[in-house]
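*Asks:* Protein chains in written order, with my numbering: chain G, 1 to 316; chain E, 317 to 632.
Because the hints were derived from the structure by calculation, they are not lab data.
The structure presented is a predicted model; accordingly, all values stated were derived computationally and were not measured.
Worth double-checking, as some hints may not be accurate.
Unchecked claim - These stretches of chain E come out as covered by chain G in the derived footprint (C-beta under 8 angstroms, 3 or more residues):
1. 333-345
2. 358-368
3. 390-404
4. 440-454
5. 596-604
Said to hold, decoys possible - Chain G is nowhere near these chain E residues, computed Cβ spacing over 12 angstroms in every case:
6. 354
7. 412
8. 419
9. 530
10. 537
11. 620
Glycine residues also receive a C-beta, built at the ideal position from the N, C-alpha and C atoms.
Number of protein chains: 2
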Amino acid sequence: MGEFELIERHFVRPTPRAALGPGDDCALFTVAAGQQLAVSSDMLVEGRHFLSTVPPARLGHKALAVNLSDLAACGAEPLAFTLALALPRADEAFVAPLAQGLFALADRHGIELVGGDTTAGPLNLCITVMGQVPAGQALLRSGARPGDQLWISGRLGDARLALEVFRGQVALAAPDFEAVRLAMECPEPRVALGLALRGLASSAIDVSDGLLGDLGHILRRSRVGARLHLPALPCSAVLAAQPRPLQHECLLRGGDDYELLFTAPASRAAAVREAGARAAVAVTPIGVVTAEPGLCAVDEDGREQVLPARGFDHFA
Amino acid sequence: MGEFELIERHFVRPTPRAALGPGDDCALFTVAAGQQLAVSSDMLVEGRHFLSTVPPARLGHKALAVNLSDLAACGAEPLAFTLALALPRADEAFVAPLAQGLFALADRHGIELVGGDTTAGPLNLCITVMGQVPAGQALLRSGARPGDQLWISGRLGDARLALEVFRGQVALAAPDFEAVRLAMECPEPRVALGLALRGLASSAIDVSDGLLGDLGHILRRSRVGARLHLPALPCSAVLAAQPRPLQHECLLRGGDDYELLFTAPASRAAAVREAGARAAVAVTPIGVVTAEPGLCAVDEDGREQVLPARGFDHFA
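Isolated chain G, as found in the complex (with noise of 0.2 angstroms):
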């Protein structure tokens, strides 16, 4: 099968919401009066992003999922995306199922494919993500105020820990694998809760290079720091069983958690907690922002230590 047939088969679908869908030089869309567009890319590369034991599905999943988690960060709602793929080969086999779980994250927020590219080359997935926004309520990093709670969404982590079991590192039993495995390969980007944090939040990330290299980036944007009560990272029960050492690295700097880190008045707590229950996802309150800048933590025995803010270089 050629290249144009495969992507007919398979990347090809009706796309109502788009005035031109995919298989002309563009594709037209219309965003409404009032709102700004949002714009996100990201490029998954395999051996870096993903390993070469990932279900086709569940890439396709991801390659969406960690681009709308940008989108879930500024308080966007999808509109549509691009995909570019470089494949090693035409294989079917593996696209068929890839373009599934692509298309089944789609669904679920109602957007659509509306072009891209297709190229032989090393696996890589560049996928650019379009939102809209009201202009001037997007969530930014730089919003942060000194007293501001700090918050996060579901539980960090595990998809760290996953990644240690797949490096020899760790031993699980299947089922707890299996359980770390989805948080790893199958990411939930929190769009809903994005939304609903519109009004609320005073800065938002989301975590993809680990909690300490993302709050360094709201800490530096908003010229703040902050206190981390280590205590109340909320983490996975297969996490909590390993030693400490290996929970705090996992929790700290693990990385592709695509979980929102926000930080909120202190007076809208009860606010914060409903935006979750309302996005169906646990927030969970795990610090506090200070006007001195730097970041400490506290730890399980009510010790304090300081953390540098950094977080995964590509490069390092």
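Given the coordinates of chain G, assemble chain E onto it according to the supplied hints.
*Replies:* For chain E alone, kept in the frame of chain G given last:
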């Protein structure tokens, strides 16, 4: 130098047109009322879309040029772009000129890099470009009508001739090689021409996979045929000096031309020439649209032959 420093130094620029530029989870910008957003993505893979011999500044230029070419083929005004970049290593000697070539072209078109992604991996550039076009005025592939003239901008075939030199199949004198190499490595997107053709061209596409293949897209979408006049195809003196079979191969199946192939009513020929003059690019009539499907070509000796309207398949 780490990932963030490398991005900060070479890719982060002021973005006065964007409501929010790079550095947050999404970029934000406003699409004018009554305008539709035009979006296109292209991925460039080393060894497929460029050779390792390409100077990085030209690669930066080309990665954006091929995307702008898609906007041109829609008649859209460029607004902004995102760049996702996979690099084998954080090599400033490569990244600095790459960024220079990219921004030099971006600046000429008044567009801003509003976001993207950097990662380690086999060299791969994925650009998504966004433009705007008044609702209903986009140039589509589907509007060609029997009797329309078929036009091409600029010249065809030099990029393919350069590729044959790199492949060792053709030998050229050094200045001739430099000239065709420039066509391959530094294509000029016909944005101004695309804008000038709004309301004038009945269909348009950019020639990236070879004239026959891309003409085939117009013919299928428009449910028409075409008669191509081979001696009319515009080519450089360097290509004109090659044996006729090689000439025809380069002109018809060359690819990487990034010229606009478009149709317009014969009655509008003078206006089309004027549009070319305004955009400072040659426009040449190369045939006519026919009601009978299929593609036939009349060669230098007046002989007719039926041609397959198929282009380059990345997996063939």
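*Asks:* Hint by hint, say whether it matches the structure.
*Replies:* Against the structure, the hints come out as follows:
{"no.": "1", "hint": "333-345", "in the structure": "holds (count 9)"}
{"no.": "2", "hint": "358-368", "in the structure": "holds (count 7)"}
{"no.": "3", "hint": "390-404", "in the structure": "holds (count 9)"}
{"no.": "4", "hint": "440-454", "in the structure": "holds (count 8)"}
{"no.": "5", "hint": "596-604", "in the structure": "violated (count 0)"}
{"no.": "6", "hint": "354", "in the structure": "violated, 4 angstroms"}
{"no.": "7", "hint": "412", "in the structure": "holds, 15 angstroms"}
{"no.": "8", "hint": "419", "in the structure": "holds, 17 angstroms"}
{"no.": "9", "hint": "530", "in the structure": "violated, 10 angstroms"}
{"no.": "10", "hint": "537", "in the structure": "violated, 8 angstroms"}
{"no.": "11", "hint": "620", "in the structure": "holds, 27 angstroms"}
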